[in-house]
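Peer 1: Listed below, chain by chain, are the residues.
Number of protein chains: 2
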Amino acid sequence: MKGKYGREAEEKLIWRFQLPYSEREYALRYDLTVPLARFYARFKPRIPFKRYHIGRVYRYDRPQKGRYREFWQADFDIVGVKNPVADAEVLDVVYDVFVEVGFSEFEIRVNDRRLLKGVFEETLGIQGSLLMEIYRAIDSLDKIGLNGVIDELKGIGLKDEEVNRIVDLIRVRGKEEILDTLESKYSTNKNVLQAISDLRTILDYSKAEPKIKMDLSLVRGLDYYTGMIYEVWSPKFSRALSGGGRYDNLIGIFEGSDVPAVGGSIGVEPLIDVGLEAGIFKLDTKTYTQIGVVYIGSTYREAWEIARRLREAGYNTYLDLMGRDFKKQMKYLVEKDIRYLVIVGKRDLKEGVVTFQDRETRKRIKVPLKSLEENLSKILV
Amino acid sequence: MKGKYGREAEEKLIWRFQLPYSEREYALRYDLTVPLARFYARFKPRIPFKRYHIGRVYRYDRPQKGRYREFWQADFDIVGVKNPVADAEVLDVVYDVFVEVGFSEFEIRVNDRRLLKGVFEETLGIQGSLLMEIYRAIDSLDKIGLNGVIDELKGIGLKDEEVNRIVDLIRVRGKEEILDTLESKYSTNKNVLQAISDLRTILDYSKAEPKIKMDLSLVRGLDYYTGMIYEVWSPKFSRALSGGGRYDNLIGIFEGSDVPAVGGSIGVEPLIDVGLEAGIFKLDTKTYTQIGVVYIGSTYREAWEIARRLREAGYNTYLDLMGRDFKKQMKYLVEKDIRYLVIVGKRDLKEGVVTFQDRETRKRIKVPLKSLEENLSKILV
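Top line first, the protein sequences correspond to chains A and B. Under the numbering used here, the residue at position 220 of the first sequence is numbered 253, and the numbers go up by one with no gaps. Under the numbering used here, the residue at position 62 of the second sequence is numbered 95, and the numbers go up by one with no gaps.
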């Protein structure tokens, strides 16, 4: 696992441990990307290899709003394709998922590690830990504002000229404007030019284009990204709901030679949190028809058979298990807000019927026991 | 977690550990029953409380066929009901699940901890670790046969008379015969009589009755069971596919006062293993329609739009991402066994059509691009 996620993750965030019974070192899965790389290296599926994977991951993080120690990720990746149309397809998936689950207000912030490299490392000549400090400073643009970033950059020890150069970049807002600016200012830098060309292809091909914002302050923490990176943000939430990008060297660590790859990941719980907060998702939606079978007196054995038949017909069916009397049965069903009742009484049974009652319309009808399922399927459309 | 699962689990099978960053002791979830007990004690939902829960659990076990260190369990429990109709309902769920997924050959072996207690502890006066050794011996009846069990019991140090008494019990096979035998032999033991009465109710109410076998050699490892216990066995597999029972004291450990409960658990991976082996499940079933979009020459941009439209119409759609020529595109689609093709050529596009091809029937037709989805929905029923 070492050398894949970056120092912070490896030294603080990964659940790693030994058991009392064994000398081996274990760890809980940190993400689904490194496991994909290992899978690919071992089984070498035909390329392009596309897969999705929804699974639990673990972070030794301080639990707080939107941050969990154990949560679900939904990942989608394309392995084997260098062509930026693959990046476009990944952003299409992101777009489709967010639209499909009912989000309309979200933006996809896009940047490229090669821009960061070309501008900061190759042009400004900044290296190592200073580079990381700069990344962290500009990554916090949203939290601390432009002046905050300027203060941070000065605090790190950058010259005014360098600070201005960085600020010039991150304050520009239009996609085309950003790319044009970069192209003219860094026209001799191969990394920058290749990134611009790829980003233009992505903007041309992806249906997510209207939601895409170029954001040169976007960095993403993980070490393994090599090209396009993205994050999905929703106005009401202070954390990215999805993130990913291109990682052309990660699989090579396991495979021996480099295999290009691009993908994305959605944090399921944060998505649910935001969806609930924004009223897009609701917890109390009943997705099935519920029926309460009520027995009167000594009809329990018959009521049990009726409940079984209703369950087999697909209804979510309640029948008292505790020998409670009519009143208490009714109280429980009312509290559970179960709308439909099938009441099983001795006299009815003798006539081969049961009483169906709709608690909402207060309608009551006798239904022949023989054709109970057929009759209910007509009543309960 | 201590004192819930029994010694073997707690000393050898639970993943428990500390992190380099923290003094706290952690453990990975061992099952879904103790978490249910904790949930119930904390949130006290209205009884009867029924819930199902499908989740991963962890065992520090030697990995082997049907045995995993990390696997899924599907649990279903009824909390708050002492009445054995709840046990019958749990067995109904077991029955429904196995029938629903396509199993026909399975049996549900049923026993009751109170029978074991009444016969071995209260009548034979056996206690403590010797009792556990006897349980282990009779639990292995299926593996080592009746003579094997006799040898084991003698090896443990039981007298011939005691061995005979045990053998008399575990070799009887008919359900009613077993219950009648027990009733006559242990007519003064309250535990035995209560268990017999409950088992008769279960056999009377449960629709699983034809699949139920009384099996006095069934013990189950976990300490927390107090009444009926069951396991599901399939002839081709040497491990139980589901197990559970009544645990009327477990919730009390968390809740303070006892709350009766009964439930079951299905090991998802073992079920899949058996289903695959028996040919009930198949891995290569395609559950969706796949279409390969093939571009010829300079029609990639148009092919991309068509692929997008087909995906939005719900088809699993392939389009080359690697700039490959016609021949290589076709090779990939044939290897992937994709039946339907939409071929996008320049001349066709000028006429506003694409070519649809069914690789199986070899039929080829021109389809208007405008109404592509509508046309395909008619062709691909």
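Worth double-checking, as some hints may not be accurate.
[Stated by the list, open to error] Restraint-style ranges between C-beta atoms, simulated for each label pair: (1) 95/A / 281/B: 37 to 45 Å; (2) 383/B / 163/A: 55 to 63 Å; (3) 360/B / 95/A: 54 to 62 Å; (4) 338/A / 412/B: 20 to 28 Å.
Simulated from the structure, these hints should not be mistaken for lab results. Computed from a prediction, not measured in an experiment: that's the story for all the values here. Ideal placement from N, C-alpha and C gives every residue a C-beta, glycine not left out.
Peer 1: Are the hints correct? Go through all of them and say.
Peer 2: Now the hints, each set against the structure:
With their beta carbons about 39 Å apart, residue 95/A and residue 281/B fall inside the hinted range of 37 to 45 Å. Between residue 383/B and residue 163/A the beta carbon distance is about 58 Å. The supplied range of 55 to 63 Å therefore holds. For the pair residue 360/B and residue 95/A, the beta carbons lie near 56 Å from each other, so the given range of 54 to 62 Å is met. For the pair residue 338/A and residue 412/B, the supplied restraint of 20 to 28 Å is violated, since their beta-carbon distance comes to about 47 Å.
Taken one by one, the earlier hints fail for this structure only at number 4.
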